[in-house]
Amino acid sequence: GESVGLHLPTLSVQEGDNSIINCAYSNSASDYFIWYKQESGKGPQFIIDIRSNMDKRQGQRVTVLLNKTVKHLSLQIAATQPGDSAVYFCAASPGGAGNMLTFGGGTRLMVKP
Amino acid sequence: NAGVTQTPKFQVLKTGQSMTLQCAQDMNHEYMSWYRQDPGMGLRLIHYSVGAGITDQGEVPNGYNVSRSTTEDFPLRLLSAAPSQTSVYFCASSPGIGELFFGEGSRLTVL
Numbered sequence: 001g002e003s004v005g006l007h008l009p010t011l012s013v014q015e016g017d018n019s020i021i022n023c024a025y026s027n028s029a030s031d032y033f034i035w036y037k038q039e040s041g042k043g044p045q046f047i048i049d050i051r052s053n054m055d056k057r058q059g060q061r062v063t064v065l066l067n068k069t070v071k072h073l074s075l076q077i078a079a080t081q082p083g084d085s086a087v088y089f090c091a092a093s094p095g096g097a098g099n100m101l102t103f104g105g106g107t108r109l110m111v112k113p
Numbered sequence: 001n002a003g004v005t006q007t008p009k010f011q012v013l014k015t016g017q018s019m020t021l022q023c024a025q026d027m028n029h030e031y032m033s034w035y036r037q038d039p040g041m042g043l044r045l046i047h048y049s050v051g052a053g054i055t056d057q058g059e060v061p062n063g064y065n066v067s068r069s070t071t072e073d074f075p076l077r078l079l080s081a082a083p084s085q086t087s088v089y090f091c092a093s094s095p096g097i098g099e100l101f102f103g104e105g106s107r108l109t110v111l
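Protein sequences, first through last, are from chains A and B. Following our numbering, the numbering of the first sequence begins with 1 at its first residue and continues without gaps. Following our numbering, the numbering of the second sequence begins with 1 at its first residue and continues without gaps.
List time: in silico DSS-like cross-link candidates among lysine-lysine, alpha-carbon distance up to 30 Å:
#1 A:Lys112 / A:Lys56
#2 A:Lys37 / B:Lys9
#3 A:Lys68 / A:Lys56
#4 A:Lys42 / B:Lys14
#5 A:Lys68 / A:Lys37
#6 A:Lys71 / A:Lys56
#7 A:Lys42 / A:Lys112
#8 B:Lys9 / A:Lys42
#9 A:Lys112 / A:Lys37
Covered by chain B, according to a simulated footprint, are these stretches of chain A (three or more residues, beta-carbon under 8 Å):
#10 38-52
#11 101-107
Hints listed in this document are in silico derivations from the structure and should not be mistaken for laboratory results. Built from N, CA and C at the ideal position, the CB exists for glycine as well.
So that you can see chain A by itself, here it is in the shape it has in the complex:
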């Protein structure tokens, strides 16, 4: 099976700084990875995804990096804003099908004004 873990349960950053949230996975057969953002009282929302044939993918103010050698991925948020405060989850899947995602425990990002 797969286990997914985030390195820090809580991350506090200053508004305007860049944030980096890290995640490790265990199953080398995992080939699809996704980051979700969950605000208080709401369901998780898609941020960005990446497949194993890529090392990096960029979105709007977010970048995901994948290192398959050490089974590690990270989410970078540029110019962090108060609206970025939330819990962030990484998830991994062996086949790209959404229903087989294994989620990590989540990192709470707190943005200080």
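We have chain A already, so just place chain B on it with the hints.
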């Protein structure tokens, strides 16, 4: 476009009672799934379905039943609720390849 709709949002049950959490999606997604979320833990997969008439177990299926009679609906049944089933439940759907679309969650407390 409503997306994924879950009802009820809140429910309190006594041990041994039964109930059904409803989930409906209007995106014509084939894949639907149920997760539970407990404090300090990630979402854990309970059951999933790859299409109408097809369901399968996830990581933590014990104590829960599902059925998929239509593409739109994927109800989760608790036949005899236990305090260990106190959790927040999320239903999600997916077109099959790519992201899951989640509902807003159903918070269940079993006394």
